[in-house]
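Protein chains: 4
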Amino acid sequence: MKINGVKIDSTFAEAFPMKATRIIITAMNHYWAYRAANSIRGFASSVIACGIEADIERKLKPSETPDGRPGFAVMIFALTVKELEKQLPHRVGQSVMTTPTTACFSGIESTVKLPLGKSLRYFGDGYQTSKTFGERRYWRIPVMHGEFVCEHTTGVCDAIGGGNFLVLGKNAHHVLSACQSAVEAIEQLNDVITSFPGGIVGSGSKVGCKYRFLPASTNEAYCPTLKGLVESRLSGEVESVVEIVIDGLTEEAIKKAMRLGITTACNYWGETRALCGISAGNYGGQLGKHHFFLEEILSQPD
Amino acid sequence: MKINGVKIDSTFAEAFPMKATRIIITAMNHYWAYRAANSIRGFASSVIACGIEADIERKLKPSETPDGRPGFAVMIFALTVKELEKQLPHRVGQSVMTTPTTACFSGIESTVKLPLGKSLRYFGDGYQTSKTFGERRYWRIPVMHGEFVCEHTTGVCDAIGGGNFLVLGKNAHHVLSACQSAVEAIEQLNDVITSFPGGIVGSGSKVGCKYRFLPASTNEAYCPTLKGLVESRLSGEVESVVEIVIDGLTEEAIKKAMRLGITTACNYWGETRALCGISAGNYGGQLGKHHFFLEEILSQPD
Amino acid sequence: MKINGVKIDSTFAEAFPMKATRIIITAMNHYWAYRAANSIRGFASSVIACGIEADIERKLKPSETPDGRPGFAVMIFALTVKELEKQLPHRVGQSVMTTPTTACFSGIESTVKLPLGKSLRYFGDGYQTSKTFGERRYWRIPVMHGEFVCEHTTGVCDAIGGGNFLVLGKNAHHVLSACQSAVEAIEQLNDVITSFPGGIVGSGSKVGCKYRFLPASTNEAYCPTLKGLVESRLSGEVESVVEIVIDGLTEEAIKKAMRLGITTACNYWGETRALCGISAGNYGGQLGKHHFFLEEILSQPD
Amino acid sequence: MKINGVKIDSTFAEAFPMKATRIIITAMNHYWAYRAANSIRGFASSVIACGIEADIERKLKPSETPDGRPGFAVMIFALTVKELEKQLPHRVGQSVMTTPTTACFSGIESTVKLPLGKSLRYFGDGYQTSKTFGERRYWRIPVMHGEFVCEHTTGVCDAIGGGNFLVLGKNAHHVLSACQSAVEAIEQLNDVITSFPGGIVGSGSKVGCKYRFLPASTNEAYCPTLKGLVESRLSGEVESVVEIVIDGLTEEAIKKAMRLGITTACNYWGETRALCGISAGNYGGQLGKHHFFLEEILSQPD
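Protein chains in written order, with the numbering used here: chain A, 1 to 302; chain B, 1 to 302; chain C, 1 to 302; chain D, 1 to 302.
The hints are simulated quantities; they were obtained by calculation from the structure and are not laboratory data.
These figures come from a predicted structure and were not determined experimentally.
Careful, some of the hints might be misleading.
[To be verified] EDC-like mimics (lysine to aspartate or glutamate), calculated; alpha carbons at most 16 Å apart, straight line:
| # | chain 1 | residue 1 | chain 2 | residue 2 |
| --- | --- | --- | --- | --- |
| 1 | C | K113 | C | E83 |
| 2 | A | K227 | B | E147 |
| 3 | D | K59 | B | E184 |
| 4 | A | K170 | A | E271 |
| 5 | C | K2 | C | D191 |
| 6 | A | K59 | C | E296 |
| 7 | A | K61 | C | E83 |
Let the sequences and hints guide you as you build the complete structure.
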């Protein structure tokens with residue numbers, strides 16, 4: 001299979017179950033809501049060492065937020081509900097509550113709930129108060145800028161982590177320009193995030209390592225500098241490979257993002273044969289139960 | 001003492017000893033170096049829950065970096081060398097090594113060293129190699145985008161955390177516009193960072209809390225909504241207070257930043273009496289050994 | 001008729017015939033293509049004093065441009081083909097040819113043509129050369145950065161200027177936040193531009209003036225400060241009005257943009273009753289032959 | 001003479017007398033003041049075809065503007081006072097008065113004055129009013145967004161156009177990255193502007209042309225593609241040249257900008273020998289009376 005002359009490998013991306021929440025951060029204007037959202041999604045590339053994976057999902061107009069102010073939706077993924085429970089109050093406490101004029105709300109419905117204001121309220125040192133509107137409870141925590149309003153809990157749902165595709169090309173400039181365009185396209189979609197810096201991974205990994213203490217290590221089969229030394233998956237002309245990793249709420253959301261991302265990347269350079277191929281990361285099907293076959297995804301209508 | 005009509009409280013900022021490192025992140029262009037730097041300084045507001053405090057110190061031209069590529073200097077602070085040792089490999093591994101085309105170097109000299117490539121090299125799964133130029137040792141770790149070059153160690157030095165001042169005003173718009181201008185001015189200085197999102201804290205804290213499990217809580221004396229309920233430090237007209245917290249390598253660097261920040265904020269609104277006063281956060285001198293007296297700092301020449 | 005509680009006036013926007021061209025500006029990267037495009041669309045608000053009306057239509061990927069480089073499409077409108085012929089070489093010569101690494105191409109097909117390289121080639125002082133690919137002819141003009149490639153001519157077509165709607169609200173903040181969101185939405189559409197700075201007009205005009213030498217003057221019926229002095233069209237609560245003016249290639253393109261812009265603005269503030277109404281500018285039907293009735297446009301599906 | 005290994009030609013930049021004004025544009029926030037300033041400086045590269053040369057000089061805090069609002073200073077240059085008189089009302093009328101919430105003030109003192117509100121007031125159709133504070137007179141023109149406040153006149157002074165230097169390098173990427181850094185540095189200075197798009201000219205010209213109707217044409221001696229065909233000033237390795245053109249209020253201001261720009265460009269790439277030389281554009285001393293000798297400028301302290 002080819003798209004605009006770029007070969008699509010006959011393989012699949014292997015993804016695994018995660019848990020996710022979406023929070024809504026609002027502020028007096030988009031500038032300050034962005035500062036908080038940009039902080040909370042920092043150091044959140046991969047659960048392996050960050051605890052969570054997080055990114056801005058989208059910008060919200062006042063009419064799309066609970067308190068009618070400008071905002072951002074942020075999605076946060078972890079391997080278990082317990083881990084999310086542990087990380088969320090630290091992240092929201094440090095990155096959102098500290099940012100002037102912000103408020104924080106649940107952005108997803110569910111039966112099980114994660115603590116939000118429920119944990120953070122204690123910062124009010126007894127001066128916090130709560131209000132209930134219908135089924136939703138909010139905390140008003142007095143702070144220097146005025147008041148930090150925070151919903152009692154946020155929802156949590158089943159999700160999928162590790163949807164991905166690899167882009168192979170002749171040099172880093174070719175590969176990265178095409179992938180930046182792909183990431184911009186994916187950012188327009190709901191229910192998915194790309195948690196790595198700039199949405200693109202330059203050091204994709206395999207499971208396992210010769211050093212026992214490391215759970216993951218460089219994926220040598222895709223390292224251009226090791227072509228002569230290892231059993232390489234790269235043809236001679238490939239000098240740079242990057243990976244776009246997608247976390248999402250559903251299989252459908254991830255498929256849509258993979259399809260849009262791959263077609264955008266393949267078409268970016270037009271007639272120029274700048275890209276050499278598209279592949280995907282998997283571990284022989286033993287790590288994750290979600291398998292996204294490239295050819296199948298790309299054959300489906302949008 | 002007054003600056004442009006804004007009253008300066010006769011008080012001091014109380015700061016405490018920290019340890020700091022500076023790393024240099026480079027990439028094929030400033031865009032990608034920024035993506036890595038922006039990730040590493042995320043969720044790094046306060047050591048209390050983030051482990052470290054970090055921010056971009058400044059943009060670097062190719063001629064200012066070890067490998068002659070565009071870059072950014074990032075400063076990272078923690079309470080102990082041990083904590084920095086623990087956090088640094090996670091931060092650099094997740095936020096820098098994953099970002100396409102980056103490299104990472106020490107940005108400060110010292111006898112004691114923190115591990116950088118020394119820890120991260122193992123990701124190379126045995127394919128990493130090292131080179132030594134003079135007294136500096138570098139690791140070349142094969143990755144998908146090509147090669148991640150990382151210096152063996154980075155320096156570490158004594159530093160100071162918690163330099164600060166408070167800006168009191170009639171509303172959040174008045175206070176934040178003036179403080180954004182102050183933060184922009186401070187960002188031009190070397191050897192200091194403002195680690196909170198956007199450089200400004202909206203929820204300044206005091207030491208201690210009625211709930212024993214919390215080490216810090218809202219500073220009620222500066223909360224506008226509590227003026228009637230507590231022993232408030234705020235006059236009737238003050239409806240919003242924010243804090244600018246500055247970490248720096250030396251007392252001089254922090255003094256210079258405080259002086260520049262306070263004068264910029266006080267002069268921002270010109271004739272308009274938008275700000276009500278400048279103060280500073282301290283804990284009666286019992287927390288930190290560094291005391292920055294506002295009137296003294298503001299009387300010194302730059 | 002109401003949208004999200006905002007009253008839609010039972011009136012129409014009056015627009016008039018124009019002529020338009022689209023040019024494609026490319027460069028070594030989007031940064032430089034943008035510098036040229038941003039220059040050419042400056043001082044191009046209204047034909048009355050700028051000669052043309054121009055704006056960036058959209059960002060182009062390499063695969064969407066004639067030379068496979070990043071680019072921007074810019075649309076330029078004037079009252080006559082003759083005026084476009086006069087203005088175009090000055091605009092492209094000053095704003096595009098001067099910008100490092102750019103090239104310039106026709107972005108629209110037509111039988112009648114406007115000179116592009118046909119005029120600019122003389123800058124080459126005899127060193128220019130031309131090449132023909134199929135039916136298209138290009139000039140290669142030697143310049144300091146290397147070579148400026150410019151298509152011989154660009155197409156020109158019938159178009160419409162002055163599609164518009166007015167947004168009435170309680171203050172400038174309410175009105176402008178909603179309209180910025182509307183402009184962002186319109187910017188996603190093809191075949192239309194909003195030529196005023198930021199896409200929004202703060203000083204909408206009527207035809208005629210008591211001073212004979214001026215063809216247009218302030219539209220006093222919509223000036224909030226004149227409510228008591230003139231026959232005002234504004235209710236008591238309206239304190240700010242702005243106009244979004246849309247030029248487009250077809251009636252359909254303008255209708256689509258008006259519909260998207262109006263619904264985006266009306267929904268921006270959600271439950272908050274920040275906007276007071278939507279109206280449109282017309283001159284009793286005597287200026288332009290294109291009449292866009294708000295209620296009709298808003299009743300049609302997209 | 002060499003700076004960081006880059007050869008400085010023993011030549012001079014030839015500049016000529018101009019007239020200049022500075023206007024202050026304010027608005028409800030920096031976003032809208034910027035939209036107006038960005039429009040007025042568009043299509044203002046060179047007086048040859050734009051009538052004026054203009055650019056943003058600097059961002060202004062509320063305390064630096066006449067009405068205590070955020071703003072920008074814009075400088076506008078032309079060959080004669082008469083030409084400025086003719087162009088200014090069109091530029092301010094189309095780019096500033098149309099932009100929501102703006103006001104416009106004189107930013108320079110002088111005995112001779114240029115009309116500002118004096119011309120634009122007629123847009124008020126008789127509803128305009130004027131107020132005098134001290135020696136300054138202001139017009140209040142009712143418009144849809146509220147009121148457009150405009151000072152009666154602005155000052156005008158002697159100035160200099162055409163300060164310049166050339167940067168020669170091995171390719172466009174090398175040359176442009178260094179020059180962008182130089183332009184960023186020059187932008188921090190007062191009393192100077194770089195009016196071309198992005199501050200850099202890719203198609204520097206000489207006086208005269210074989211086609212009589214053109215006053216200027218490509219400077220073939222500096223065109224890399226003509227090295228074999230003409231009496232070239234370029235050595236074999238030079239494949240790209242760009243020019244930074246500086247207009248300023250005084251010789252001192254232009255010298256300072258040239259010195260800062262040249263040293264920033266030369267140091268940008270550090271050890272990498274990416275740049276091949278620095279030169280300057282002159283016409284044998286017959287065009288302009290201001291001669292800026294590179295070696296002299298670079299030998300002076302800052």
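Hint check:
{"no.": "1", "hint": "C:K113 to C:E83", "verdict": "holds (13 Å)"}
{"no.": "2", "hint": "A:K227 to B:E147", "verdict": "holds (13 Å)"}
{"no.": "3", "hint": "D:K59 to B:E184", "verdict": "holds (12 Å)"}
{"no.": "4", "hint": "A:K170 to A:E271", "verdict": "holds (15 Å)"}
{"no.": "5", "hint": "C:K2 to C:D191", "verdict": "violated (28 Å)"}
{"no.": "6", "hint": "A:K59 to C:E296", "verdict": "violated (31 Å)"}
{"no.": "7", "hint": "A:K61 to C:E83", "verdict": "violated (41 Å)"}
Comparing the model with each numbered hint stated earlier shows that hints 5, 6, 7 do not hold.
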